[in-house]
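K.L.:
Use the sequences and the hints to build the structure in full.
Letter by letter, the chains look like this.
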Amino acid sequence: MTINRFSFKFPSLFKLKFRFGLRIKLFLLSLFLFAIPLLGYQYVWEMEKYLRIGQEKTLMGTVRAVATALHERPKLFNRQASFLPNVQKGRDLYAYPIVDPIQLDGNLNDWRNQDRALNYQNDYLIEGHDIYQPQSLSFKHMVGKYREHLYAYFSVTDDSVVYRAENSLKIDQNDLLQIAFVTPAGDFRRYIISTKKEGWVTAYEINTNPSAHSPLHSTDNQPIAPENRIQGMWIETEQGYTIELRLPLSLLGSQLSFAISDIDEPNQTQKITVGTSQFMQADQLGTVLLPSPEIERILKGLDHSESRIWVVDKHGRVLAKAGDIKNSDGVWGKMTKPELTDSWYRPVQQQLLSIYNKILTTPPKDFKDQLYDVGQLEGSHITTALQGESGANWRLTTDNKAVILSAAYPIFSDGEVKGAVIAEETTNGIRSLRNQALQSWFNIIIAVMGLGTFGLFVFASRTSNRIRALRNQTEQAIDDQGKIINPIAMSNASDEVGDLQRSFALMVQRLGQYTQYLQGMSASLSHELRTPVAVVKSSLESLEIDLPASQDNVYMHRAKEGVNRLSTILTLMSEATRLEQSLQNTETVNYAIDEVVSGCVQGYQLTQPQQDFTLSVDSLSENPDDNLLSKLKVNQVNGGPELFAQLLDKLLANAVEFSTENTIIDINLVHKNDVFILTISNTGELLPVAMQDRLFDSMVSVRKGQQASQLNNEQHNEQPHLGLGLYIAQLIAQFHSGKVELVNNIDATGVDAIVTIPSIKNNTI
Amino acid sequence: MSRTIAIVEDDVSIRKNYTELLEKQGYKVQAYSNRKEAQLALTQKLPDLAIIDIGLEDEIDGGFTLCQALRQLSSSLPIIFLTARDNDFDTVSGLRMGADDYLTKDISLPHMLARIAALFRRIEASNKPTSIEDNIITGSVTLCLERMLVHWQQQLIELTVTEFWLVHSLVKVPGHVKSRQQLMEDAKVFVDDSTITSHIKRIRKKFMVLDKDFDCIDAVYGMGYRWKAEAKSDIESNAKSTVN
Chain L
1 MTINRFSFKF PSLFKLKFRF GLRIKLFLLS LFLFAIPLLG YQYVWEMEKY
51 LRIGQEKTLM GTVRAVATAL HERPKLFNRQ ASFLPNVQKG RDLYAYPIVD
101 PIQLDGNLND WRNQDRALNY QNDYLIEGHD IYQPQSLSFK HMVGKYREHL
151 YAYFSVTDDS VVYRAENSLK IDQNDLLQIA FVTPAGDFRR YIISTKKEGW
201 VTAYEINTNP SAHSPLHSTD NQPIAPENRI QGMWIETEQG YTIELRLPLS
251 LLGSQLSFAI SDIDEPNQTQ KITVGTSQFM QADQLGTVLL PSPEIERILK
301 GLDHSESRIW VVDKHGRVLA KAGDIKNSDG VWGKMTKPEL TDSWYRPVQQ
351 QLLSIYNKIL TTPPKDFKDQ LYDVGQLEGS HITTALQGES GANWRLTTDN
401 KAVILSAAYP IFSDGEVKGA VIAEETTNGI RSLRNQALQS WFNIIIAVMG
451 LGTFGLFVFA SRTSNRIRAL RNQTEQAIDD QGKIINPIAM SNASDEVGDL
501 QRSFALMVQR LGQYTQYLQG MSASLSHELR TPVAVVKSSL ESLEIDLPAS
551 QDNVYMHRAK EGVNRLSTIL TLMSEATRLE QSLQNTETVN YAIDEVVSGC
601 VQGYQLTQPQ QDFTLSVDSL SENPDDNLLS KLKVNQVNGG PELFAQLLDK
651 LLANAVEFST ENTIIDINLV HKNDVFILTI SNTGELLPVA MQDRLFDSMV
701 SVRKGQQASQ LNNEQHNEQP HLGLGLYIAQ LIAQFHSGKV ELVNNIDATG
751 VDAIVTIPSI KNNTI
Chain U
766 MSRTIAIVED DVSIRKNYTE LLEKQGYKVQ AYSNRKEAQL ALTQKLPDLA
816 IIDIGLEDEI DGGFTLCQAL RQLSSSLPII FLTARDNDFD TVSGLRMGAD
866 DYLTKDISLP HMLARIAALF RRIEASNKPT SIEDNIITGS VTLCLERMLV
916 HWQQQLIELT VTEFWLVHSL VKVPGHVKSR QQLMEDAKVF VDDSTITSHI
966 KRIRKKFMVL DKDFDCIDAV YGMGYRWKAE AKSDIESNAK STVN
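Chains L and U supply the protein sequences, listed in that same order.
Under the numbering used here, the first residue of the first sequence is numbered 1, with each subsequent residue one higher.
Under the numbering used here, the first residue of the second sequence is numbered 766, with each subsequent residue one higher.
No lab work stands behind these hints: they were computed from the structure.
Glycine is no exception: its CB is placed at the ideal position from the N, C-alpha and C atoms.
Mixed in with the good hints there might be a few duds.
[Said to hold, decoys possible] Straight-line Cα separation of at most 35 Å, DSBU-like style, residue types lysine-lysine; simulated pairs:
| no. | chain 1 | residue 1 | chain 2 | residue 2 |
| --- | --- | --- | --- | --- |
| 1 | L | K672 | U | K937 |
| 2 | L | K650 | U | K953 |
| 3 | U | K977 | L | K739 |
| 4 | L | K650 | U | K977 |
| 5 | U | K971 | L | K739 |
| 6 | U | K953 | U | K966 |
| 7 | U | K977 | L | K560 |
| 8 | U | K993 | L | K650 |
| 9 | U | K966 | L | K739 |
| 10 | U | K781 | U | K801 |
| 11 | L | K650 | U | K781 |
| 12 | U | K966 | L | K483 |
| 13 | U | K993 | L | K739 |
| 14 | L | K57 | L | K140 |
| 15 | L | K321 | L | K401 |
| 16 | U | K893 | L | K560 |
| 17 | L | K650 | U | K801 |
| 18 | L | K672 | U | K993 |
| 19 | L | K321 | L | K483 |
| 20 | L | K560 | U | K781 |
| 21 | L | K560 | U | K789 |
[Claimed, not checked] Over 10 Å on every C-beta distance to chain L, these chain U residues come out as not near it, computed from the model:
| no. | residue |
| --- | --- |
| 22 | K789 |
| 23 | S798 |
| 24 | L842 |
| 25 | D871 |
| 26 | S873 |
| 27 | A882 |
| 28 | L884 |
| 29 | F885 |
| 30 | R887 |
| 31 | N900 |
| 32 | L914 |
| 33 | L921 |
| 34 | I922 |
| 35 | L975 |
P.N.:
Okay, structure coming up:
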């Protein structure tokens, strides 16, 4: 009769070093959350694109509105050399607006934008082609407008400066500056500036109609009178000389020429003249473009707009300008930053803001835009506008810090394009807006993702903890022998894990019931069988009494023997159960373990003289000088001495049975670290490997039939074996809070039964 | 006048076997198969001895109930439990109910007859004056063989027949070790070693109720038990008390 036990053992496969647990899986899944900010970021970019288009449209509207105010007003543009089919740099002068006042002292430091001054050399040679040498004459020249005057300077390079002779009436036998222009009234005027020495100079008006006085010297420059409205300063420099002068705008029309004549030796008639254009006839003069005060007045009303507005003539030269690009953020720039509200999360918000500012490019306040030479604006949008179409253009500032949106719209007059209006704005407004959107988006995303990830993590942790707890409970429910030790608690959770736990609990419960049934089976079986055995026994005995002759009958003997054996089997079958029950009711006492061991061994030696036993008790060696009383105390264990004797009975009987004939059974008792270790060693057959885990289960026997018949002891020969001996030994050891092990000895010559029993603690004595 | 023995046993074969056997021995036997019948008949007229099975037909503890009922009617009626249940718990409860002995069903008939005879002898002897010659006195213990009584320091200790025989087996040769096998033979029981152990435990407890320091039944591990002489001072004091 063998009863299989259930054993739960998890394969080592599951005990991988790296556990790809639920928590990690959920964490990886939650990484998809990071797609949300990406989408948001994308969305904000799209929004920015639409805003830019919107800004472009708005700006275009502005330009169109400004242009509308300037349409069909030819007067505004007529002065601006609009009659010329094209303008030529150097010949057609542009008066740059001068912001700071200029001191007429020959010192040019107060001129801004000196880089825009033009260098006049042989290309602009008017006279003296045959003798011109580059080092003999060249000059840098620039004109500017300040209030009601036109300012000009000439930085002349001349290897020899020839002044007007002290006594000379002629003013053209020396180095001189020619000025020619047409007045607003249409009169052609010429002036010459020449001086006897460096210093303050005044222009002489020249007779523009010399033939009337002296037809012989048509080229003579006859001074009429000094014109003190045209004055300036003549200063000698290392290269030559510098003339800085001014003339009132009231004198000036739209045509103007300057020329420098150079005579290298006094009283020499040969001279070299370099100038902006021919100056002798009015129709040969070059032009000058002055920023138009009328247009500027119109634009002044737009000064407070969010754009910088230019008005250019049809040659792209700036006539008027309003607004500053640095304040031109566009419509969106007016959206002010929301102030941080004073609340508990303000420090957090500030921290976040500083991080965002590192990530996001904040629009710069101090970008530089020096692309435009206001004398000549360029760009595809301007070109388009001057051809009669509206145009827009995106470009970076020269320092790449800001993006500027420009829109241009043509100004028509009499069906002709007279100029264009250009408006410019930076995209800083949109960028600020985008940054704000991204910031608040980031705030929300951080909160959502933080909470989301945290929630998922908590959920995953809780789930995996519950599953782990269930696993632990399952593992602890059944011991190594497959015995149910702890029930699994019923869970109230309504989810799948709860279901699983309930299923496990029920499973273990049912398994427990079944195991209990199996354990109780031998006892109940013996109980049930005892009655029929009693019937047979009493019947046989009645027969004996009735028929005295049957007493000696051999069959009667055998029948009685058989019944007795059956009876013994029944008793043994219920022995373990009875022991378990009696253990529950047994009170533990303290007793000396070595006395029990030595008593038992002596008893065995008496009852089994054919078997040699050796006993060594080392537990006393620790305190050899102690008296009997303390020895007793040292050797006390807690339990039942009779039970322990029973345990020894079983183990010794086992050892005797399995030992080879004529060998000695060693019994050794050692006290070590508060634990008594009793070793019963016999020489003989080794334990079968497969059975090692199950030796102590009830109903497991490794005895072989032939071995039992070899034994000399008749009493044992009669005893049937149910494999309960070791089971009982284990029960008793457990009752003593100890354990029993059966192992093959080191030399593989036999088997050691090792009993470990804890000694009672010193403080309980 | 033949004595009446009541057998309450639900198994027909056993009941009949025992009935016939006891009748052959000259006893008058009343056999019942369940508790109700038995209780009805027995309370009308008490038998001289009752042999009761614990599990009776549908009543799992019917024997215990019946025993209690009978014990209420008579405190001197000998009651023997004869049952298939051999665990400690049932034995203890059975004896606590007031049964005179607790036997498992595989006891041999001669052993049982001897027990029955002993119980009757004890009842008879209790009515007669005791003869001191039959007594065994060792130290503080006095065994009255005729009446199967044990006195410890002049105080009666109530023992079942099996227990008395065990004590007798030990006391008659004080100091000698009796193996469990020998004890079983002397007590006319055939049980396993652990049943003897629990018998001895119960006997000790009964002595210890009277004398906390009782220590005369000595376990010799691996061999058996022996009756150990008391410490000398105890004997002297006891001797003095007997003289007085």
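K.L.:
It remains to establish, for every hint, whether it holds in the given structure.
P.N.:
Against the structure, the hints come out as follows:
no., hint, in the structure
1, K672/L with K937/U, "violated (43 Å)"
2, K650/L with K953/U, "holds (25 Å)"
3, K977/U with K739/L, "holds (33 Å)"
4, K650/L with K977/U, "holds (32 Å)"
5, K971/U with K739/L, "holds (33 Å)"
6, K953/U with K966/U, "holds (18 Å)"
7, K977/U with K560/L, "violated (45 Å)"
8, K993/U with K650/L, "holds (27 Å)"
9, K966/U with K739/L, "holds (25 Å)"
10, K781/U with K801/U, "holds (19 Å)"
11, K650/L with K781/U, "violated (40 Å)"
12, K966/U with K483/L, "holds (31 Å)"
13, K993/U with K739/L, "holds (33 Å)"
14, K57/L with K140/L, "violated (43 Å)"
15, K321/L with K401/L, "holds (23 Å)"
16, K893/U with K560/L, "violated (40 Å)"
17, K650/L with K801/U, "violated (46 Å)"
18, K672/L with K993/U, "holds (34 Å)"
19, K321/L with K483/L, "violated (99 Å)"
20, K560/L with K781/U, "holds (20 Å)"
21, K560/L with K789/U, "holds (21 Å)"
22, K789, "violated (7 Å)"
23, S798, "holds (14 Å)"
24, L842, "holds (24 Å)"
25, D871, "violated (4 Å)"
26, S873, "violated (6 Å)"
27, A882, "holds (15 Å)"
28, L884, "holds (19 Å)"
29, F885, "holds (19 Å)"
30, R887, "holds (24 Å)"
31, N900, "holds (30 Å)"
32, L914, "holds (27 Å)"
33, L921, "holds (26 Å)"
34, I922, "holds (21 Å)"
35, L975, "holds (19 Å)"
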